[in-house]
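Letter by letter, the chains look like this.
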Amino acid sequence: MGTGLISTLIVVIVLIIVVQIAKITEFSAMLKGEGNAERESNQINGFLLLITMVVGLPLLIWSAWVFRDIFLPEAASEHGPKIDSMFNWTTFWTGIVFVITQILLFWYSFRYKNKRKDQRAYWFPHSTKLEVIWTVVPSIVLTILVVMGINRWYEITGPAPEDAIIIEVTGKQFDWMIRYPGKDGKLGSKDFRKITPSNQLGQIWSDKANHDDIIVNELHLPLNKPVLIKIHARDVLHSFFLPHFRVKMDAVPGMPTQFWFTPTKTTATMREITGNEEFNYELACAELCGKGHFSMRKLVFVDTEEEYNEWLAKQPSFYESSIKGTDEEKKQMADSYEFEEEKSDLAQSIN
Amino acid sequence: MNQQVDQDHAVQVDHHHDDHHDDHHEHHEQNFIEKYVFSQDHKTIAKQFLITGIFWGVVGGLMSVLFRMQLGFPGESFPILETVLGKWAPGGVISPDFYLALVTMHGTILVFFVLTAGLSGTFANLLIPLQVGARDMASPFLNMLSYWFFFLAGLIMLASLFVETGPANGGWTAYPPLNALPQATIGSGLGMTLWLTSMAVFIISTLLGGLNYVATILNMRTKGLTMTRLPLTIWAIFLTAIIGILSFPVLLSAALLLIFDRSLGTSFYLSEIYIAGEALVNQTGGSAILFQHLFWFLGHPEVYIIILPAMGLVSEVMSVHARKPIFGYMAMVGSILAIAVLSFVVWAHHMFVTGMNPFIGSIFVVVTLIIAVPSAIKVFNWITTLWRGNLRLNAPMLFSIGFVSLFISGGLTGIFLGNSTIDIQLHDTYFVVAHFHIVMGISAFFGMFAGVYHWFPKMFGRFMNNTLGNIHFFTTIIGAYLIFWPMHYIGMAGVPRRYYSYEAFEAFNKFGDISLFVTTVAGIVFIVQMIFIINFFYSIFYGKKVTEKNPWQANTLEWTTPINPGHGNWPGEIPEVHRWPYDYSKPGAAEDFIPQTVPLKAGEKDLGH
Ligand code: HEM
Ligand SMILES: [Cu+2]
Ligand SMILES: [Cu+2]
Chain A
266 MGTGLISTLI
276 VVIVLIIVVQ
286 IAKITEFSAM
296 LKGEGNAERE
306 SNQINGFLLL
316 ITMVVGLPLL
326 IWSAWVFRDI
336 FLPEAASEHG
346 PKIDSMFNWT
356 TFWTGIVFVI
366 TQILLFWYSF
376 RYKNKRKDQR
386 AYWFPHSTKL
396 EVIWTVVPSI
406 VLTILVVMGI
416 NRWYEITGPA
426 PEDAIIIEVT
436 GKQFDWMIRY
446 PGKDGKLGSK
456 DFRKITPSNQ
466 LGQIWSDKAN
476 HDDIIVNELH
486 LPLNKPVLIK
496 IHARDVLHSF
506 FLPHFRVKMD
516 AVPGMPTQFW
526 FTPTKTTATM
536 REITGNEEFN
546 YELACAELCG
556 KGHFSMRKLV
566 FVDTEEEYNE
576 WLAKQPSFYE
586 SSIKGTDEEK
596 KQMADSYEFE
606 EEKSDLAQSI
616 N
Chain B
161 MNQQVDQDHA
171 VQVDHHHDDH
181 HDDHHEHHEQ
191 NFIEKYVFSQ
201 DHKTIAKQFL
211 ITGIFWGVVG
221 GLMSVLFRMQ
231 LGFPGESFPI
241 LETVLGKWAP
251 GGVISPDFYL
261 ALVTMHGTIL
271 VFFVLTAGLS
281 GTFANLLIPL
291 QVGARDMASP
301 FLNMLSYWFF
311 FLAGLIMLAS
321 LFVETGPANG
331 GWTAYPPLNA
341 LPQATIGSGL
351 GMTLWLTSMA
361 VFIISTLLGG
371 LNYVATILNM
381 RTKGLTMTRL
391 PLTIWAIFLT
401 AIIGILSFPV
411 LLSAALLLIF
421 DRSLGTSFYL
431 SEIYIAGEAL
441 VNQTGGSAIL
451 FQHLFWFLGH
461 PEVYIIILPA
471 MGLVSEVMSV
481 HARKPIFGYM
491 AMVGSILAIA
501 VLSFVVWAHH
511 MFVTGMNPFI
521 GSIFVVVTLI
531 IAVPSAIKVF
541 NWITTLWRGN
551 LRLNAPMLFS
561 IGFVSLFISG
571 GLTGIFLGNS
581 TIDIQLHDTY
591 FVVAHFHIVM
601 GISAFFGMFA
611 GVYHWFPKMF
621 GRFMNNTLGN
631 IHFFTTIIGA
641 YLIFWPMHYI
651 GMAGVPRRYY
661 SYEAFEAFNK
671 FGDISLFVTT
681 VAGIVFIVQM
691 IFIINFFYSI
701 FYGKKVTEKN
711 PWQANTLEWT
721 TPINPGHGNW
731 PGEIPEVHRW
741 PYDYSKPGAA
751 EDFIPQTVPL
761 KAGEKDLGH
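From first to last, the protein sequence lines stand for chains A and B.
Residue numbers for the first sequence follow my numbering, so the first one is 266 and each next one is one higher.
Residue numbers for the second sequence follow my numbering, so the first one is 161 and each next one is one higher.
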């Protein structure tokens, strides 16, 4: 009740003040005469515009300096610096344009305000030369940026090396499921119709390739080895986002996507670089997927090759540890007498 | 100059629009309903669009203040929120579902209801007949329907706020499957059905309006008003309407297919989905990405539908108050044309990381960066217009200058995003939020404010208070930069958009201070907008009266009408046009403006061809 009254009161007071300002300024303008009042207000506004620019522009640039560390976080993949340098080149060129145009805009506004009654503008309706200049120059700069960008884009999105390690990541509301192919290096086939509470990915148990697949709760990556992430979604769109590795790719139900990259800094190295003992790489979701979108976090570790192999060797096969001989397996086998016929097209749609 | 007697009271003219020399003054009394509610007078309809737009602006703005509170004070309890929002803010903390609903509604309302209908609806309606010299729109009746469909769309959207399961909460882009399946998110039930219905009605409104605008501009220009003598406002509105006519139907079909997926069991957008403990075995074979293509085929042109009218208003206002012709009129027209064409072929730059073929991606990089060239040309031309001008730094002019500043800042960040390499990192982060709020959101608002302050005298026969306008300008431009500039930084750090909270992530949770700062400034800027609203409504009734027909000494035709023009706009004949609209400070002329109605002197060259 009290707050309601107070806020109503504040609103009323503000209203009165605003209306009073309006009345007073109009009255004083009348006393000074229209033209004079207008020129006086020109003086003030011109000055304020100049101040806004003179204070604002350095402030913006200074803030960029202050926050430079949080900008692009330390890149931890081979292609990361390519993206960062593209960013920096773009900042360089656009920065020049930004500073020049903003200065001119505010300076001219200040400089050419109406001060005297007999003042007149300069008749300058067009100039082909100028217009050609500022069509051609931006075109050249943009061409440079496009060429640089597209070269990198092709390098980054090009085919993965043959020996890339394959890892599958599947987004669901609101978690990521991570699967390694196991010793055979092959991910077993799966079918969304086979999903059950104990078989969250819908793996098909009659496919032997599934038997050594490993399902884990953390993403482990070996140092300096290309990894190819196969990205799936089970329900709605998600997006596989590793900020430190400059990796982002949407996860789309029914349409597997992928992204390959090479980690270049172990978690331990990164802890040294950042001076943060507890530093961890993180996997986030970057495409709105519902109320838990903000909580789809998984830890990511980059290990040396030995560490990685050691870790991988310790992980049990999901089939061996949780499925073999259970009701889940029996039920799926019983249900899928018709499965054999579908198997071939399924395998296609899944890979 | 046009020598007509001012007539302060409305003159009723029936509208024989094909008849440009019409002087059948049929005096039939209009009742209140006909005059103010179901009016067919374009000027009244313009006011209806504007005031409805202001209403939605307040609603949409308030929503952003609410969700900014969650971001600025994560998890903190504000008991008043529970009082107002009930179950959506248990314990005074906004729930994640409702947070997303606010974000979704904020985007939808601001993009479609305020910056499309509120902006185009107001100024197309007000300015087209007045600046082309027509008594009204080609079809005043359809024009009226356009407003009432907009009104209805608004009612439906408003109703969706009060349904049990809440309004749509899957983002203003309405991507399926999230927005196709009620089990995916609470707002995807009745809320989404209402959202889609409202959008369908809204699209009808836009098409009715747009067809009318195009027909009027093409067919009803007064004698002597060739296309190259049109003010840039009209050029901008003209192409905006064409873009809308070509792209909104695509959104309608996207929405229709989504409606089918939702209620008829089709699967245009659905495939291999397992959700809420159930596999949707009968809905497979569709493509979620198809929706994005259809959506952005409208969505990208839509951003230009928002910005082009603002550009037109700014060009006109700037020229009038700089007392100087707009620099490079033909280049301005050419760049609007180029933007209009190119805006249809860049849509997939919103989809670089959807798994699209990288080659296709690279094509969209090229086209996207090409569209930056006409944008750059316009900026340089505006700046040159100011150079050696004789500037009146009043509220409309200040907002025009602010528009250019913001458009530069936001346009340049587009060059980062348009480069697919950089977009890998920046897509769906706060960097994108910063980009489009500056280049589209705030810029378009500035264009709209410039327009309102400038044409208020024509709409209401009174001035808005200029001092309040100045205060409004400086606080808003400084506030806008303080709100959106830091968002670039947190976006570069990788912070994703549409997150309810950043606490869970080490990489994202260190920006609490920035977040709090942004929230605080956003609150202040929202309150400052009340100065505008008070000024607006106060001035309608008590503002300083306009005492001369052409208070800004402008050249365009609207200032040859009586101070309070009646239905039909000109009491006598419609004036004839003899020159382009930008003869300001022309050497050899006595005054620093020459209205379009003044015949060319012997040997005088017209720049409008
Ligand atoms: C200078 C040229 C511009 C370029 C190169 C450009 C480029 C882009 C790109 C590539 C994106 C997608 C970013 C992402 O989602 O990752 C984007 C987003 C956006 N741009 Fe621009 N842009 C430009 C100008 C504009 C203008 C003039 C407007 C509006 C008037 C605008 C409005 C938007 C909006 C609304 C979005 C985000 C929509 C959303 O995801 O919710 N842009 N821009
Ligand atoms: Cu998500
Ligand atoms: Cu776009």
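In case anyone wonders, no lab produced these hints; they're calculated from the structure.
Ideal Cβ positions, reconstructed from N, Cα and C, are used throughout, including at glycine.
Don't take every hint at face value.
To give a feel for the contact side, a few chain A residues facing chain B, derived at Cβ under 7 Å [unchecked claim]:
#, residue
1, Thr290
2, Phe312
3, Arg333
4, Asp334
5, Phe363
6, Leu493
7, Arg499
Listed next, the in silico DSS-like pairs over lysine-lysine satisfying Cα-Cα at most 25 Å (straight line) [said to hold, decoys possible]:
#, chain 1, residue 1, chain 2, residue 2
8, A, Lys380, B, Lys761
9, B, Lys383, A, Lys382
10, A, Lys297, B, Lys765
11, A, Lys563, A, Lys490
12, B, Lys746, A, Lys297
13, B, Lys746, A, Lys288
14, A, Lys347, B, Lys705
15, B, Lys746, A, Lys394
16, A, Lys563, B, Lys670
17, A, Lys382, B, Lys670
18, A, Lys380, B, Lys765
19, A, Lys297, A, Lys382
20, A, Lys490, A, Lys347
21, A, Lys394, B, Lys704
22, B, Lys670, A, Lys288
23, A, Lys288, B, Lys765
24, A, Lys394, A, Lys451
25, B, Lys746, A, Lys595
26, B, Lys670, A, Lys297
Results of checking the hints against the structure:
The interface hint given for A/Thr290 holds, since its Cβ lies 4 Å from the closest Cβ of chain B, which is under the 7 Å cut-off. A hinted interface residue such as A/Phe312 counts as satisfied when its beta carbon comes closer than 7 Å to some beta carbon of chain B; here the least separation is about 10 Å, so the hint is violated. A hinted interface residue such as A/Arg333 counts as satisfied when its beta carbon comes closer than 7 Å to some beta carbon of chain B; here the least separation is about 9 Å, so the hint is violated. Hint status for A/Asp334: violated, given a least beta-carbon distance of 9 Å to chain B, over 7 Å.
For A/Phe363, the interface hint holds, since its Cβ comes within 7 Å of a Cβ in chain B; the closest pair sits about 6 Å apart. Residue-level restraint check for A/Leu493 is violated (minimum Cβ-Cβ distance to chain B is 14 Å; threshold 7 Å). Interface hint at A/Arg499: satisfied, since its Cβ lies 5 Å from the closest Cβ of chain B, which is below the 7 Å cut-off. For the proposed pair A/Lys380 and B/Lys761, the alpha carbon gap of about 30 Å is over 25 Å, so the pair is violated.
Between B/Lys383 and A/Lys382 the CA atoms are separated by roughly 35 Å; this puts the pair beyond 25 Å, and the hint is violated. In summary, the hint linking A/Lys297 to B/Lys765 is not supported, as the alpha carbons are separated by about 40 Å, beyond the 25 Å threshold. The suggested pairing of A/Lys563 with A/Lys490 holds, with an alpha-carbon distance near 21 Å, which does not exceed 25 Å. This hinted pair does not check out: B/Lys746 and A/Lys297 have alpha carbons roughly 30 Å apart, beyond 25 Å.
Proposed proximity of B/Lys746 and A/Lys288 is contradicted: the alpha carbons are some 37 Å apart, above 25 Å. Distance check on the hinted pair: A/Lys347 and B/Lys705 sit about 62 Å apart at the alpha-carbon level, beyond 25 Å; violated. Proposed proximity of B/Lys746 and A/Lys394 is supported: the alpha carbons are some 21 Å apart, at most 25 Å. A threshold of 25 Å between alpha carbons decides the hint, and for A/Lys563 with B/Lys670 the separation of about 18 Å falls inside it, so the pair holds.
Among the hinted pairs, A/Lys382 with B/Lys670 is inconsistent with the structure: their alpha-carbon atoms are about 55 Å apart, more than 25 Å. Between A/Lys380 and B/Lys765, the direct Cα distance comes to roughly 30 Å. Violation of the 25 Å bound is thereby established for this hinted pair. A threshold of 25 Å between alpha carbons decides the hint, and for A/Lys297 with A/Lys382 the separation of about 14 Å falls inside it, so the pair holds. Taken as a hint, the A/Lys490 and A/Lys347 pair is honoured in the structure, with Cα atoms around 18 Å apart against an allowance of 25 Å.
For the proposed pair A/Lys394 and B/Lys704, the alpha carbon gap of about 45 Å is over 25 Å, so the pair is violated. With a CA separation close to 47 Å, the supplied pair B/Lys670 and A/Lys288 exceeds the 25 Å bound. Note on A/Lys288 and B/Lys765: the hinted pairing is violated, with a Cα-Cα distance of about 45 Å set against a maximum of 25 Å. As the CA atoms of A/Lys394 and A/Lys451 are separated by approximately 63 Å, the hinted pair breaks the 25 Å bound.
Between B/Lys746 and A/Lys595 the CA atoms are separated by roughly 91 Å; this puts the pair beyond 25 Å, and the hint is violated. Proximity of B/Lys670 to A/Lys297 is assessed by CA-CA distance (about 54 Å); at most 25 Å being required, the pair is judged violated.
Violated hints, in rising order: 2, 3, 4, 6, 8, 9, 10, 12, 13, 14, 17, 18, 21, 22, 23, 24, 25 and 26; the structure is consistent with all others.
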